[in-house]
Amino acid sequence: MAGLSELASRLRAELGAAKVIDDRQELRTYECDGLAHYKVVPGLVVLAETTADVAAVVRACNDAGVPFVARGSGTGLSGGALPHADGVLVVTSRMRTILDVDRDGQRAVVEPGVINLHVTRAAAPSGYYYAPDPSSQQVCSIGGNVAENSGGAHCLKYGFTTNHVLGVEFVEPSGEVVEIGGKAPDAPGYDLLGTIVGSEGTLGIATRVTVRLTRAPESVRTLLAGFDGTDAAGQAVSAIIGAGVIPAAVEMMDALAIEAAEAAVHCGYPDGAGAVLIVELDGPASEVDAQFAQVRELCEKAGAFEIRIAADDTERALFWKGRKSAFAAVGRISPDYIVQDGVIPRTALPEVLRAIADLSSESGVRVANVFHAGDGNLHPLVLFDDAVPGQAERAEEVSGAILDLCLEHGGSITGEHGVGSDKAKHMPRMFTADDLDTMQLVRCAFDPDGLSNPGKVFPTPRLCGEVPGRHRGAHPLVEAGLAEQF
Amino acid sequence: MTGPAGVLDALRQAAGGHAEQAGDGDAVDRVPARFVAAPGSTAEAAAVVRIAAAEGLAVVARGAGTKLGWGTPPRRLDLIVDTRRLDRIVEHAAGDLVVIAQAGVPLAALGERLAGDRQRLAVDEVVPGTTIGGMLGTGVTGPRRLQAGAVRDLVLGVTMVRADGVVAKAGGKVVKNVAGYDLAKLVTGAYGTLGLVTEAAFRLHPVPPAAAYVSVRVPDAAGAYQAVQQALHAQFVPAAIELDRPEAGGPVEVAVLVEGTEAGVAARAEQAVGTLGDGAARIDRPDWWGALPAGSDRSVLVKATTELTGTGRLLEGIDRAAAAAGTTAAVRGSGGVGVLHAALPGTDPAAVAAFVKALRDAAPAWQGSVVVLAAPPPVRSEVDSWGPVSGLDLMRRVKEQFDPDALLAPGRFVGGI
Numbered sequence: 001m002a003g004l005s006e007l008a009s010r011l012r013a014e015l016g017a018a019k020v021i022d023d024r025q026e027l028r029t030y031e032c033d034g035l036a037h038y039k040v041v042p043g044l045v046v047l048a049e050t051t052a053d054v055a056a057v058v059r060a061c062n063d064a065g066v067p068f069v070a071r072g073s074g075t076g077l078s079g080g081a082l083p084h085a086d087g088v089l090v091v092t093s094r095m096r097t098i099l100d101v102d103r104d105g106q107r108a109v110v111e112p113g114v115i116n117l118h119v120t121r122a123a124a125p126s127g128y129y130y131a132p133d134p135s136s137q138q139v140c141s142i143g144g145n146v147a148e149n150s151g152g153a154h155c156l157k158y159g160f161t162t163n164h165v166l167g168v169e170f171v172e173p174s175g176e177v178v179e180i181g182g183k184a185p186d187a188p189g190y191d192l193l194g195t196i197v198g199s200e201g202t203l204g205i206a207t208r209v210t211v212r213l214t215r216a217p218e219s220v221r222t223l224l225a226g227f228d229g230t231d232a233a234g235q236a237v238s239a240i241i242g243a244g245v246i247p248a249a250v251e252m253m254d255a256l257a258i259e260a261a262e263a264a265v266h267c268g269y270p271d272g273a274g275a276v277l278i279v280e281l282d283g284p285a286s287e288v289d290a291q292f293a294q295v296r297e298l299c300e301k302a303g304a305f306e307i308r309i310a311a312d313d314t315e316r317a318l319f320w321k322g323r324k325s326a327f328a329a330v331g332r333i334s335p336d337y338i339v340q341d342g343v344i345p346r347t348a349l350p351e352v353l354r355a356i357a358d359l360s361s362e363s364g365v366r367v368a369n370v371f372h373a374g375d376g377n378l379h380p381l382v383l384f385d386d387a388v389p390g391q392a393e394r395a396e397e398v399s400g401a402i403l404d405l406c407l408e409h410g411g412s413i414t415g416e417h418g419v420g421s422d423k424a425k426h427m428p429r430m431f432t433a434d435d436l437d438t439m440q441l442v443r444c445a446f447d448p449d450g451l452s453n454p455g456k457v458f459p460t461p462r463l464c465g466e467v468p469g470r471h472r473g474a475h476p477l478v479e480a481g482l483a484e485q486f
Numbered sequence: 001m002t003g004p005a006g007v008l009d010a011l012r013q014a015a016g017g018h019a020e021q022a023g024d025g026d027a028v029d030r031v032p033a034r035f036v037a038a039p040g041s042t043a044e045a046a047a048v049v050r051i052a053a054a055e056g057l058a059v060v061a062r063g064a065g066t067k068l069g070w071g072t073p074p075r076r077l078d079l080i081v082d083t084r085r086l087d088r089i090v091e092h093a094a095g096d097l098v099v100i101a102q103a104g105v106p107l108a109a110l111g112e113r114l115a116g117d118r119q120r121l122a123v124d125e126v127v128p129g130t131t132i133g134g135m136l137g138t139g140v141t142g143p144r145r146l147q148a149g150a151v152r153d154l155v156l157g158v159t160m161v162r163a164d165g166v167v168a169k170a171g172g173k174v175v176k177n178v179a180g181y182d183l184a185k186l187v188t189g190a191y192g193t194l195g196l197v198t199e200a201a202f203r204l205h206p207v208p209p210a211a212a213y214v215s216v217r218v219p220d221a222a223g224a225y226q227a228v229q230q231a232l233h234a235q236f237v238p239a240a241i242e243l244d245r246p247e248a249g250g251p252v253e254v255a256v257l258v259e260g261t262e263a264g265v266a267a268r269a270e271q272a273v274g275t276l277g278d279g280a281a282r283i284d285r286p287d288w289w290g291a292l293p294a295g296s297d298r299s300v301l302v303k304a305t306t307e308l309t310g311t312g313r314l315l316e317g318i319d320r321a322a323a324a325a326g327t328t329a330a331v332r333g334s335g336g337v338g339v340l341h342a343a344l345p346g347t348d349p350a351a352v353a354a355f356v357k358a359l360r361d362a363a364p365a366w367q368g369s370v371v372v373l374a375a376p377p378p379v380r381s382e383v384d385s386w387g388p389v390s391g392l393d394l395m396r397r398v399k400e401q402f403d404p405d406a407l408l409a410p411g412r413f414v415g416g417i
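Protein chains in written order, with the working numbering: chain A, 1 to 486; chain B, 1 to 417.
Just chain A, with the same shape it has in the complex:
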């Protein structure tokens, strides 16, 4: 379109031709992120190398009224980086310099394209690591982590991206560059950082990120326990948490997920297990030893028929291999599958798993369950064969019904994959129109023209010119007694 070709010319002039892609074939490379069944070929791609590049693109988009979408490694699972057909995709993967590893200050400063695991690698020689560890940590970028507030297996004890990001250099949707937070805590003013992290690219683009480095633990101990089924494994988790132990990670897989993992990576989990639990403790050796014995006992009491203890890092890696490969492994037992991401209060686990099993048997749609059991974050994998007419639709229905279960139990429609393109339609099931309207006040403050990653997170955009206060004018007392309407 004409607007985009003018924009392309401007950007070539400002940034250099090598950073601007408008060749249709090349643009196609960027048509999706990790959620591959949503595909949109971007209007234009810019490979940004500096903050100035990002600011220039955003300013140009702002001038032209053209939407822009930021993309890091493109590993997201909710279509958060799905391009806009008439917009610019701002790719930050060339911005991958680790600017500062400050061991004494327990901080690192990195560019947004830096790979998550590379931060840990850079910090490891001084005995530190970057705690948030999404399963995609070998390829996903810090910029994407900031956008999605990424979690990971170890966030039960250590928290999410939002608890580990202390500052960002940020390009506002107007093109202004602003510093928010930094190495010191509690910058005066609103906690804009807390709002930006997890906003899925809808408030602007982070171009530099200050993260917390965590001291590597003295001791890490991991056990793998086999149970007859998920009920018994769930009881073990409840007993562990009830005993006041907060493990670094508690992961569960059910029989179908184990079958897939065995087929894919031969992880050698206990024969005949209807569920396995991976429990990892870390910290000072004296604490870990005391609690590890307790955890082992609690697993036995809950009915574990086999418990293995990782003798070394190699064996620990093997335990984790099955778990970390589970999503991809499901490809071995089913041509197609949906990765769902929902959250329930942990104590509702047995009930919800039974309900998922019922859904599965009623519909004939197989569901493999993999989850962060400690914090109630479920990842049901809904299996189907797209070649069989009607299966995809049935799988979608089951997947949606699982989210209903999560909401019925007071949970969330997403624990770590984000809302993105995929779940915007589900937001009204979790939030009222007033809740969503209130969130969009923030959007209007940052991005009044709605140019930054439009169409994500919210099912319908708010017109920022609207005067808030729909209740004004009505006599307040008319409504004063109507408590039930809230």
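Calculated from the structure, these hints are not laboratory results.
One should not assume that every hint holds.
[Stated by the list, open to error] Listed next, the stretches of chain B that the computed footprint assigns to chain A, with coverage defined by at least 3 CB atoms under 8 Å from CB atoms of chain A:
1. 142 to 153
2. 164 to 171
3. 201 to 208
4. 298 to 308
5. 332 to 345
6. 362 to 372
[Stated by the list, open to error] Residues of chain A placed beyond 10 Å of chain B at every Cβ, according to the derived structure:
7. 5
8. 15
9. 16
10. 21
11. 65
12. 85
13. 160
14. 262
15. 274
16. 313
17. 351
18. 362
19. 439
Idealized CB from N, CA, C, for every residue including glycine.
With the hints as your guide, set chain B onto chain A.
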């Protein structure tokens, strides 16, 4: 509504009869209020705020009133919303380590309730009497922040009444949730300028069976920095690293808290003694632990932050600023987090202003900020309480969206927000 009597009637009806004319004791930083309303539910709070919106009343929320002197004085004030009838612990899901409590619940009362299940909200009661609402509004934290995080890290969701009286929720009651914007963090530390929080959900922690304190006395700022650094980089995992310096330029006590199992804590406390070096010893909880620095003649409270490599320089900076201004400062705080508090005499406003300016001028060297939390009115009028704010323009736009008529705590926050 016809006149003040009509407004009061309306407020009474909205708040279940709990509204009255304000008295002298209801002034905020000497700014008098006209009415006090005490809603007993979110719906009543919303009805009260709708009246304020319709009548253009400026509103300040008040819990126990322990930190009403924090933040700059309101530009104008009509209505105090007293949250103390919002005193229910709505839900304690012990198995999920989650609690939902209303804004008026005192932090101590919540603590007592949770203790029965050997759980806690890991926020220290730095200011005795603090309610959940006051804790959220100011974001005040104490020693346990090092390991458990700040208030903003522990809050999972909020129910709030917007300036236009609309009730909105954000977040949820599960520990893991990335659906929508995290407004709970936005309103934490916002001094009530974005909405009236009526209810909040928090992540809880188990109470560890054992705890130990280890402390060392060092002669100066450099020694304190060294002790804090050694504790930070050790592997015994301190729950808190605090320091106390009663007089600028004087000796410093650095104390470390270790929490965990009986066996683990015994071993780790030994490690801590070794780490902190000569003169370090296990002690009972220091009497200054978890309290703000104070003193009968110290009415000014300043919060100063630093990067973790700047703790020593910040302590020295406070010495220099105090000496140059001809005042004195007692310093206490979370050396392991980078947040220190200084208490100064409030008798000489010019001296306080000079201290704040000198410290603020030096603070970029340790990437820190300097905020005057509490001060007597004559001092307030002499100092810039908040100092420079990065991102102020964005913050103003956020305020403009949430509260276009500036009815919520106008003037209490940064940049006159």
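Now the hints, each set against the structure:
{"no.": "1", "hint": "142 to 153", "result": "holds (count 4)"}
{"no.": "2", "hint": "164 to 171", "result": "holds (count 7)"}
{"no.": "3", "hint": "201 to 208", "result": "holds (count 4)"}
{"no.": "4", "hint": "298 to 308", "result": "holds (count 5)"}
{"no.": "5", "hint": "332 to 345", "result": "holds (count 3)"}
{"no.": "6", "hint": "362 to 372", "result": "holds (count 5)"}
{"no.": "7", "hint": "5", "result": "holds, 33 Å"}
{"no.": "8", "hint": "15", "result": "holds, 26 Å"}
{"no.": "9", "hint": "16", "result": "holds, 30 Å"}
{"no.": "10", "hint": "21", "result": "holds, 30 Å"}
{"no.": "11", "hint": "65", "result": "holds, 19 Å"}
{"no.": "12", "hint": "85", "result": "holds, 25 Å"}
{"no.": "13", "hint": "160", "result": "violated, 7 Å"}
{"no.": "14", "hint": "262", "result": "holds, 28 Å"}
{"no.": "15", "hint": "274", "result": "holds, 23 Å"}
{"no.": "16", "hint": "313", "result": "holds, 17 Å"}
{"no.": "17", "hint": "351", "result": "holds, 12 Å"}
{"no.": "18", "hint": "362", "result": "holds, 26 Å"}
{"no.": "19", "hint": "439", "result": "violated, 4 Å"}
The structure fails hints 13 and 19 (numbered hints given earlier, in ascending order).
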